[in-house]
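Start from the sequences, fold in the hints, and give me the full structure.
Residue 17 is where the sequence shown starts when you use my numbering, and the numbers rise one by one after that.
What the hints contain is simulated information worked out from the structure, not anything from laboratory work. Think of the CB as a built atom: it goes at the ideal place given N, C-alpha and C, for glycine as much as any other residue. Each hint should be verified, as a subset may be incorrect.
[As the list claims (entries may be wrong)] Pairwise CB distance ranges, derived in the manner of DEER restraints: (1) K90 with S19: 17 to 27 Å; (2) S23 with V87: 17 to 27 Å; (3) S93 with S19: 32 to 42 Å; (4) D22 with V49: 16 to 26 Å; (5) E88 with A66: 31 to 41 Å.
[As the list claims (entries may be wrong)] Below, in silico cross-link-like pairs of lysine to aspartate or glutamate (EDC-like), each with a Cα-Cα straight-line distance of 16 Å or less: (6) K102 with D76; (7) K90 with E103; (8) K31 with D52; (9) K39 with D76; (10) K39 with E88; (11) K102 with D51; (12) K31 with E72.
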Amino acid sequence: MPSYTDSEKIAIATKYVLPEKLKAAGISPSVIVIDDNVWPVIVRPLGYDAGIRTLERTIDGVVRKVARMMVEGKTSSFHITTDNMKEFLPQ
17 MPSYTDSEKI
27 AIATKYVLPE
37 KLKAAGISPS
47 VIVIDDNVWP
57 VIVRPLGYDA
67 GIRTLERTID
77 GVVRKVARMM
87 VEGKTSSFHI
97 TTDNMKEFLP
107 Q
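This is the structure:
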């Protein structure tokens, strides 16, 4: 089975995985803005992975942190950049 390229993973993440995870968490897609230069880090958090399972887990972790911060009343919208991405990406 062929592996996905990073650009394919980014397309899958932005068009399918992120909207699915946001819907499951009950969060509007307009709440989270992720800069384009953050996606390569999300796609490869720990190195090369041929599939999208790790990508799904990483995005799920980001959505969970956003949901927790919303419940705690910290803010109602999130802009994830290279400066603050470590705050949102799972460890």
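Here's how the hints hold up against the structure:
For K90 paired with S19, a C-beta distance near 37 Å fails the hint of 17 to 27 Å. Taking the beta carbon of each, S23 and V87 are about 34 Å apart, not inside 17 to 27 Å as hinted. A C-beta distance of roughly 35 Å is found between S93 and S19, which places it inside the suggested range of 32 to 42 Å. A beta carbon spacing of about 20 Å between D22 and V49 agrees with the range 16 to 26 Å that was offered as a hint.
The hinted range of 31 to 41 Å is satisfied by E88 and A66, whose Cβ atoms lie roughly 36 Å apart. A distance of roughly 15 Å separates the Cα atoms of K102 and D76; the hinted pair therefore holds under the 16 Å criterion. Of the supplied pair hints, the one linking K90 and E103 holds, its CA atoms being roughly 13 Å apart against a limit of 16 Å. Note on K31 and D52: the hinted pairing holds, with a Cα-Cα distance of about 13 Å set against a maximum of 16 Å.
Distance check on the hinted pair: K39 and D76 sit about 11 Å apart at the alpha-carbon level, within 16 Å; holds. Distance check on the hinted pair: K39 and E88 sit about 19 Å apart at the alpha-carbon level, beyond 16 Å; violated. For the hint pairing K102 with D51, the CA-to-CA distance comes to about 13 Å; that is within 16 Å, so the pair holds. Between K31 and E72, the direct Cα distance comes to roughly 12 Å. Compliance with the 16 Å bound is thereby established for this hinted pair.
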